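**Student:** One-letter residues, chain by chain:
Number of protein chains: 2
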Amino acid sequence: MEYQYEQAIEILGRTPATLTALLRGLPEAWTKGAEGPETWSAYDIVGHLLHSEETNWIERARVILEYGEQGSFDSFNRTAMFEKYQDFSLDQLLVAFEQARADNLATLSTLDITSEKLALKGTHPALGTVTLSNLLATWVVHDLNHIGQIVEVMAHQYGEAVGPWSAYLAILTRPILTE
Amino acid sequence: MEYQYEQAIEILGRTPATLTALLRGLPEAWTKGAEGPETWSAYDIVGHLLHSEETNWIERARVILEYGEQGSFDSFNRTAMFEKYQDFSLDQLLVAFEQARADNLATLSTLDITSEKLALKGTHPALGTVTLSNLLATWVVHDLNHIGQIVEVMAHQYGEAVGPWSAYLAILTRPILTE
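If you read the protein sequences in the order shown, they are chains A and B. The first sequence begins at 1 in my numbering and counts up by one. The second sequence begins at 180 in my numbering and counts up by one.
Don't read these hints as lab results, they were simulated from the structure. For clarity, every value in this text was computed on a predicted model and none was experimentally measured. Don't take every hint at face value.
[What the hints assert, rightly or not] Which chain B residues stay away from chain A? Per the calculated CB distances, all over 10 Å, these:
#: 1; residue: T197
#: 2; residue: L287
#: 3; residue: H303
[To be verified] Covered, in the sense of this in silico footprint (three residues per stretch, anywhere, with C-beta under 8 Å from a C-beta of chain A), are these stretches of chain B:
#: 4; region: 330–342
#: 5; region: 348–356
Glycine included, every Cβ here is placed at the ideal spot set by N, Cα and C.
My request is simple: use the sequences and hints to build the entire structure.
**Tutor:** Structure (structure tokens):
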């Protein structure tokens with residue numbers, strides 16, 4: 001379906017509560033386990049979502065709105081969370097993400113996203129020409145992607161425990177989600 | 180990691196609230212869209228989780244506890260929800276799932292799941308010998324698998340809308356989750 005502002009913010013507005021319901025207060029055996037080196041735990045993924053919220057979406061929307069294809073996006077450091085939030089507990093990350101998301105949705109509402117603005121173009125350093133609509137749809141799918149990554153990495157902690165049932169649980173056997 | 184009762188119910192107890200936070204009140208464009216014929220929408224998946232709750236996990240645990248490898252599991256109809264809950268709204272499914280899960284966790288707590296019981300064996304009609312521990316771990320991973328499937332089918336509704344960013348969003352491009 002096409003990007004629609006009202007439908008999109010229905011998802012964006014729910015993500016903090018979804019992550020909090022899923023993760024808050026869970027034993028660290030679930031939240032700190034990754035799949036091996038260079039993979040992320042649920043804790044790491046929430047940090048990545050917070051960092052994205054603080055540096056990525058609204059800034060890139062502003063670049064498109066103000067500079068169009070002549071603007072350039074700041075590069076986004078996918079792994080900045082490892083250092084930036086190293087003293088944060090998972091609960092602190094969840095609270096900070098909820099606040100950052102609320103702030104960003106408030107900011108987004110002031111940008112008056114019309115269908116004309118949605119068609120405005122920008123230049124992604126690797127992907128080339130993108131539209132504001134592409135960016136805002138990606139914000140939504142990025143949330144869903146990382147919720148999927150969180151449940152996947154948690155499921156993998158029981159990859160052995162399920163025994164023969166792994167044959168029926170595709171989340172355990174297909175290529176893992178990364179970005 | 181190995182199955183542990185206390186850790187496992189931490190996940191099982193959170194799933195209803197996670198699904199409610201993610202889905203309650205969302206426009207049907209998100210919750211009723213599937214990926215094509217023979218695939219499930221978020222609404223369908225919640226129905227499948229409810230049906231599993233009503234017929235599968237506790238019943239199979241009882242078969243193992245009472246009959247061991249001589250017992251046989253009733254076959255599980257993965258698609259029973261299409262008829263069984265056809266008059267339910269998504270909100271009704273979410274409420275019914277929350278209640279059924281609470282009832283099942285209360286029942287599970289009365290079964291006194293010791294490490295000796297976890298090692299008891301049963302016979303799966305297709306998978307062969309399984310343990311109670313395998314079954315109870317599968318209950319957890321089944322939740323996580325279907326949360327992953329829900330965010331995946333919702334993400335796919337924006338598969339075109341993200342434009343070039345689909346290259347960075349593995350949830351859009353890898354083989355989809357089914358059961």
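**Student:** A separate judgement is required for each hint: does it hold in the structure or not?
**Tutor:** Hints versus structure:
1. The Cβ of T197(B) does not lie farther than 10 Å from every Cβ of chain A; its closest approach is about 4 Å, which violates its non-interface assignment.
2. No Cβ of chain A comes within 10 Å of the Cβ of L287(B); the nearest lies about 16 Å off, and the non-interface call holds.
3. The claim that H303(B) is not at the interface with chain A is violated, since a C-beta of that chain comes within 10 Å of its own (minimum 7 Å).
4. Judged by the Cβ-Cβ criterion of 8 Å, the region 330–342 of chain B is covered by chain A as claimed, because 10 of its residues qualify and three suffice.
5. Check on the region 348–356 of chain B: 7 of its residues sit with their Cβ under 8 Å from a Cβ of chain A, so the three-residue criterion for coverage holds.
The structure does not agree with the numbered hints 1 and 3 stated previously, though it agrees with the rest.
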